[in-house]
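Asker: Here are the chains, one letter per residue:
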Amino acid sequence: MTESPTRGPRVGLFATCLMNVFRPNVGFSAVKLLEDAGCSVEVPANQTCCGQPGYNSGDYDAARALARQVIETFENYDYIVGPSGSCMATIRHDYPVLFQDDPMWLPRAQALSEKAWELLSFLADVLHAAPADSHYDGTVTYHDSCSGLRGLGIKGQPRALLGEVDGLKLKEMEDSEVCCGFGGTFCVKYPEISEKMVEDKVRNVLATGADTLVGGDLGCLMNIAGRLRRINAPVKVFHTAEVLAGLADGPGLAGAAKESD
Amino acid sequence: MTAATNAREAILNSVRSALRRGPLDDARRAELDARRPHHTRPAQDEELVARFIRKFESRAGTTVRVASRADVPAAVEAYRADKGLPAHAAVGAALQDLAFPGLEIHHDPAGISETMAVSQALAGIAEPGSLMMASGPASPITHNFVPDDHVVVLDAGAIVGHFEEAWEVLRARAEGMPRATNIISGPSRTADVEQTIQLGAHGPRRVHVIIVG
Amino acid sequence: MEIRSKEFKQRAVFAIHDASLQQALGKARGGFVGKRAQQAAELPEFEQLREEAKNTKNHILDNLDHYLERYEAAVTAAGGHVHWARDAEEARRIILDICKRVDAKTVTKGKSMVSEEIGLNEALIEHGMEVVETDLGEYIIQLAHEPPSHIIAPAVHKTKDQVSDLFEKAHGGPRKTEVADLVNEARRVLRDKYFKADVGITGGNFLVAETGSSIIVTNEGNGDLTQTLAKVHIVTSGIERVVPTLDDATLFLRLLARSATGQETETYTTISTGPRRAGDLDGPEEYHVVLVDNGRSKMLAGRFKDMLRCIRCGACMNHCPVYGAVGGHAYGWVYPGPMGSVLTPLIKGLDNAYDLPNACTLNGRCASVCPVKIPLPDLLRELRHMQHQQDITPVMQKRALQVWRYVATRPKLYHALEQVGARFLSAIAKNGSIRRLPLAGAWTDVRDLPAPAGRTFLELWQGKRGQK
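Residue numbers (the numbering used here), protein chains in the order written: chain S, 71 to 331; chain E, 6 to 218; chain H, 1104 to 1571.
In case anyone wonders, no lab produced these hints; they're calculated from the structure. Possibly wrong hints are sitting among the right ones.
What the hints assert, rightly or not - A short, non-exhaustive set of chain H residues, derived as facing chain S with CB atoms under 8 Å:
{"id": "1", "residue": "V1425"}
{"id": "2", "residue": "N1461"}
{"id": "3", "residue": "R1468"}
{"id": "4", "residue": "S1471"}
{"id": "5", "residue": "R1487"}
{"id": "6", "residue": "Q1490"}
{"id": "7", "residue": "Q1500"}
{"id": "8", "residue": "T1512"}
{"id": "9", "residue": "Y1517"}
{"id": "10", "residue": "E1521"}
{"id": "11", "residue": "A1525"}
{"id": "12", "residue": "P1555"}
{"id": "13", "residue": "T1559"}
{"id": "14", "residue": "L1563"}
No experiment lies behind these values; they were computed from the predicted model shown. Glycine included, each C-beta is placed from N, C-alpha and C at the ideal position.
The task is simple: from the sequences and hints, build the whole structure.
Answerer: Here you go:
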């Protein structure tokens, strides 16, 4: 589809399940960033889940059923963009695999795969956009979510974009690339192991002295934020998009720590 | 015998059926036997002897360079005296052209109480900085592993760049592959107790290379 | 070794609360990861070598029968013997027969994961032989009567204090507390064993078809003393470990030490070709290789062929956060970590190791460091799929997936339920989070649940833009 010079690409926003229920602000941040960069953004009402829970549980039929729904809903957009490395890696990498023996759906899965982007890499790599006049007062540490990092090569883009934010200091944590222990259903199937992993992650977050943690996947962020809150650690947690869009106000995910006395 | 034959055939058939084919035909076999791989070799831009020394010493090995083979006994004696070792050693017959005055030597395998051995290396490999020892009547394997101190004579001209060139040295031997080819990169070490590196686990505590030429 | 992978969950929880184990794992983790990263960074060709290694392994596997036959012919020409074992039982019997024929009393062993896989030690001991593990790590766990917890660092789960205790008990006092003294003590004790050994058993990192050689790679030199001083040398190896030429072995050698221990090279790389020759003064009088299939040839057929590329470096477990949390014993069989979570269900049965493929966050770090690029997370997911197909997946989970699918393929119903959920969770939250949630204890026992704002994004979006 050719883009007219007066109108930017037509983007279908993939409203991930966790974002839709737990953090609508991430959705609005995504819309703002995309529109600021010249996209026309639509949010199709017929969307639900990308199918990853079924795929990773070994129920490939269920995953295909969901994938077909996503393909039908989004295939007419120039791009499908979502604020999650995990969901977008599923659409980008797993859909073509799921339909590899299905001559009817494979081309459609491949076509969607080619225009599926995680939000921040889309902003940086496709639109070459910089956040407009955003400001954040604080020291931020960034957690590399695994699917985004290893599935989609997201590493430098969010850091570069955060570097454009006025007032924001980025402080790297040790082992930022190590899994936080979320892992979808893993965190509830193996809670003790997940606890150990998120404990390690939180220790590394706290060691930076940063007052804010950001990342690109709400699953990881809810896990880490929930743990930080459980131990009453005064670190705010936001999705990177919220900070970039200037919408990271308030206490962040899981609310604020209690004032200690 | 039949059980053994059966197992062999069963495994090979299982491999072939998994690969969905029968035995390869002669043409394909000949093609595979003629295959000469050319894998990537890590780039090197260092003079071979210098690189060998740098790499070998980086793993707690020691080296000394002498002008000629005639200087080897003095270098051995200097090492022995420096370490305060008893004046006897197992010396490979490959070095029998040399006299070691003051040192009681034998050419037999190293026994359990052997303190020092002196060996001739077949080649050095500059890439990792390793010695290549070929076993044989004149180079017992036990000399490489049993004594606490292992002194190795290496001709500077026998240092090659990459492993692949060392294999060419082996292939060029009239007697073919040695029974044991020992590539030695320094003293024996272990990190099995809390990842703490400790030298002299089972093999030599010290390996000293006398580079000739 | 009896498989105990069904107890994974209990063993994992036990491991997490084992202070000594956690101390030992903590020390190991940083070292392996940092050293490997440094080695990879110092070799500009590293990524290219990984790609070549993957392709070369694939070539070998596609022609495995030929290379095995060629290898066998070359071993025989060098005066050695090749034995073929379909399964663990057959492998044990072959080795027992050799040991009995030479009336073996003492058997020394270099580190060999295949010998663990086939349960060799138990069989030899049962027949009255003294079996001595000579790799320091293996020796430590032999004294502790434990299996290895790591494929290259078998005693990585032991602290120095625990080693001190084990040595004092086995060798008598005074108790040594310094690493150097502990290592020296093992050196002294094991020296005698090497010299009196009748049979020395080692693994084989690579089997070279060109020359009929087996290659072992060690740091300690124990494998060399084991195979040189015994009257008989037996190599145990999987059929997939054959490589066509020395040059092919080199490709993997360049990756192995760097990936495993983060060394440029290990101290000893030993190429063994046949038994002692005329005129030789030392070396074994007999040289045997036992080629073990034990499920490998069947793996060649499908998706799991990729797993046969494994060169047993252990990088996947060194980089696995789950392994890092629970250690190797939780996995319940010989091979732990990501590679073990693929191999164990395939060798021992999907239903005997349900948890192993599932106890993984699919974070992909293992695959990113694998020197032969095995797509471990994809293989683990594939095992989950097989479990699902074969009804090994717990019934509750299958039901939950069916319900999820029903709802998620009906957007209106899905959104309605999301809205109810968002309102409910928002209503019971305090200060933005939920501390306890009935039926969600697995989440809230560990962490708070961040609370929703009350309305879903799609609801709010339609409110804002829907009219437009």
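Asker: Confirm or reject each hint.
Answerer: Comparing the hints with the structure gives:
no. : hint  : verdict
1   : V1425 : holds, 6 Å
2   : N1461 : holds, 6 Å
3   : R1468 : holds, 7 Å
4   : S1471 : holds, 6 Å
5   : R1487 : holds, 3 Å
6   : Q1490 : holds, 6 Å
7   : Q1500 : holds, 7 Å
8   : T1512 : holds, 5 Å
9   : Y1517 : holds, 5 Å
10  : E1521 : holds, 5 Å
11  : A1525 : holds, 5 Å
12  : P1555 : holds, 5 Å
13  : T1559 : holds, 5 Å
14  : L1563 : holds, 5 Å
In summary, this structure violates none of the numbered hints.
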